[in-house]
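S.K.: Required output: the full structure, derived from the provided sequences and hints.
Going down the list, the sequences are from chains A and B. Residue numbers for the first sequence follow our numbering, so the first one is 1 and each next one is one higher. Residue numbers for the second sequence follow our numbering, so the first one is 1001 and each next one is one higher.
A portion of the hints provided could be inaccurate.
Where chain B lies over chain A, by a calculated footprint (3+ residues, C-beta under 8 angstroms) [stated by the list, open to error]:
id, stretch
1, 195-201
2, 257-266
Computed, partial: chain B to chain A, Cβ under 8 angstroms [as the list claims (entries may be wrong)]:
id, residue
3, Ser1098
4, Ser1120
5, Leu1270
Derived DSS-like pairs (lysine-lysine); straight-line CA-CA distance at most 25 angstroms [what the hints assert, rightly or not]:
id, chain 1, residue 1, chain 2, residue 2
6, B, Lys1003, A, Lys144
7, A, Lys3, B, Lys1010
8, A, Lys22, A, Lys12
9, B, Lys1215, B, Lys1333
Please keep in mind that the hints were generated in silico from the structure rather than gathered at the bench. Where a beta carbon is used, it is the ideal one built from N, C-alpha and C, also for glycine.
Here are the chains, one letter per residue:
2 protein chains.
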Amino acid sequence: MIKINENFLKLKQNYLFIEIAKRLKAFSAENPDKPLIRMGIGDVTLPLPAAAVEAMKKAADEMGVKETFRGYEDTGRGYDFLKEKIKAYYNENGAEISLDEILVNDGAKSDSGNISDIFSESNTVLITDPAYPVYVDSTIMAGKQIIFAAATSENGFKALPDYNIDCEMIYLCSPNNPTGSVYTAEELKMWVDYANEKHAIIIFDAAYEAFIRDKSLPRSIMAIPGARTCAVELCSLSKTAGFTGTRLGYTIIPNELMAYSENGEKVSVLKTWIRRQGSKFNGVSYPVQRAAEAVFSTDGRAQIQANIDYYMKNAEIISNTCETLNIPYTGGKNSPYIWLKAPNGMSGWDFFDYLLNEIQVVGTPGEGFGENGGGWFRLTSFNTHENTAEAMKRVEKLLS
Amino acid sequence: MIKINENFLKLKQNYLFIEIAKRLKAFSAENPDKPLIRMGIGDVTLPLPAAAVEAMKKAADEMGVKETFRGYEDTGRGYDFLKEKIKAYYNENGAEISLDEILVNDGAKSDSGNISDIFSESNTVLITDPAYPVYVDSTIMAGKQIIFAAATSENGFKALPDYNIDCEMIYLCSPNNPTGSVYTAEELKMWVDYANEKHAIIIFDAAYEAFIRDKSLPRSIMAIPGARTCAVELCSLSKTAGFTGTRLGYTIIPNELMAYSENGEKVSVLKTWIRRQGSKFNGVSYPVQRAAEAVFSTDGRAQIQANIDYYMKNAEIISNTCETLNIPYTGGKNSPYIWLKAPNGMSGWDFFDYLLNEIQVVGTPGEGFGENGGGWFRLTSFNTHENTAEAMKRVEKLLS
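M.R.: Okay, structure coming up:
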């Protein structure tokens, strides 16, 4: 009799965004004349950069001609034409990586969960709270124990290592989803030192690195001395270049990174991951890889920067409103997310309902990201200038 | 101290195609004047159908315009425009499935390994021998026990169920890779009856269904009565439509399919899989989904049929050579693979070296697919007519 993996039965059934969708549907059914301004979900809204569109079309044409058709990619880990661009981009950001350490994939989400597969179920995983729900859910699926590290207003929503706590895997995200907080180089160095001391591995989610404007802040953990022996980095073009529906990300695994067998032998994390992917992944669509290559061209870089600037202007509008109203917040300076305290001691869900019912502005209740998200609220900068300004005008009127 | 998942250490290190590549490289280095005719690797060579290229380009253009841009797909399980086409295609093939039972993915390989995640490590997995190596490797990674079911010349390389053997998961592939054998409806019904009796789940790989020309043979296990309570089907456009570098497949999981919790409660396999994918997958690139939709259009269907007919003519050339030489073989009639007995009691590897050294024809030694592959050899029909005919002329001369 086929048995289900019991770990899956431990998952919470009601996913945050399902509950939100339910409440929005109910509101709109009762109030068809009141359009919503959605500032909740973290999806981009500006189109793909023109350079990427053109490159994808050119590659599609190549696929239609026998002489230039491409079938299976040899390695399934990404074409060199793209990995060369990623390597150069990392070098600009102060991180030296080699081509074989770059693994192109269909978006950071897949690997952020799947990477856990290659590590023993006996490892304990440290996850900051609040956090992107995928880290928690995929850790539960993998049957590993979780320790939460509190990210609160006291530490600027940046959890730091505690040497009294032992763990073997650590999920960090900077710029952070949902809080928008960004680790400094000194703070990341504290995590790197801790991980090296404990022989733990940091899974560093850099999906929002392109939104960092303060040049003193690290865009990659690979720029931190010591990271090559303790860190994996996940990155993505989803937010950087509007690839949420086009699908391309990449994982960096340094050659020096080791895990240990039961009898204490060192095992290469990169080689183990390559072995996994060899049996479970067949590479990213060739035209999508060409589109990604074009993102890193001179034209592509200018086009994505214009989009990021557009979103960051929205972030500024939202931050300004928080400052005008004296609402505590993080993010918005080097991140597309603004994480703000619900006023008057409201819970995040109460504030969600309040904004929805009174002014039809939709955000995300902090409770959906963990216990420490209670009483906090996430707004995103991915709507239009017009809608963002209108929403903040309504918020100012409602709360002042 | 971070521990590796010990299951990964149990994998064999030398993967079949790596060893082949090594031998070919050595030969070509010593014999630069002798070009190879490659009939080993199962990759297609004809370009994408024009309908798919045009659809992808149109979708790329849509992605470059704000009004038609698409970000995250709502469900990440495939757009209805594509699922409607797949459903209609299945109906043609005698299988009734609903849209919510279709899960679009980046190719059959990912799900064929990942599906194991949602079932308990305690389940035993039955795999036919020989088989596509991914089934074995991903089962070892998942820590599950394997039972092999012998597919030999005695049973036409079609293993059938043995009620004395208990198992909980069963990998079947028909038309088979590597042997090209195809189960009849009666034989598949025997597996379905066995699985229902044992409360086991069949993972049915239908990646080569489009090569079936005999209309009496089933193209989908979902066309077999009883399959909806015991089977998952994996399918792909890789071979059907030349998508090996474009990447799109789909998995069918019937609503009725159940697994069991430790305390005997029924758990929906579809719902559990959806929960997994919700945390570990974000859907297939929109332009790729549009290209796939176009494959199922009237023009697309005609274009892919022309390609399949081209390959099947090659299969016929190879089969004819086997018949002329009185070499026992399977496949080639309803499959792009021809599985033949190495002559004179040679091993598959000996025959590989013999063909390589004497006539520069490259195939795949059967040993790479399992113990029962010993002494057998796989040729594929994905080269050109000219090369296939030339290779078979050389084989006939060499062996007669």
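S.K.: None of the hints should be skipped; say for each whether it holds.
M.R.: Do the hints match the structure? See the list:
1. Against chain B, the stretch 195-201 of chain A contributes 4 residues with a C-beta closer than 8 angstroms to a partner C-beta. That satisfies the three-residue criterion, and the hint holds.
2. Counting residues of the stretch 257-266 of chain A whose beta carbon lies closer than 8 angstroms to any beta carbon of chain B gives 4, which meets the minimum of three for the stated coverage.
3. Interface restraint check for Ser1098/B: the shortest CB-CB distance to chain A comes to about 21 angstroms, outside 8 angstroms, so the restraint is violated.
4. This hint holds: Ser1120/B has a C-beta 4 angstroms from the nearest C-beta of chain A, less than the 8 angstroms allowed.
5. Given hint, Leu1270/B at the interface with chain A, is violated; its Cβ is 12 angstroms from that chain's nearest Cβ, farther than 8 angstroms.
6. Proposed proximity of Lys1003/B and Lys144/A is supported: the alpha carbons are some 12 angstroms apart, at most 25 angstroms.
7. For a cut-off of 25 angstroms, the pair hint linking Lys3/A to Lys1010/B stands: about 23 angstroms separates their Cα positions.
8. For the hint linking Lys22/A to Lys12/A, the alpha-carbon distance of about 17 angstroms falls within 25 angstroms, and the restraint holds.
9. For the hint linking Lys1215/B to Lys1333/B, the alpha-carbon distance of about 12 angstroms falls within 25 angstroms, and the restraint holds.
Violated hints, listed in ascending order, are 3, 5; each of the other numbered hints is respected by the structure.
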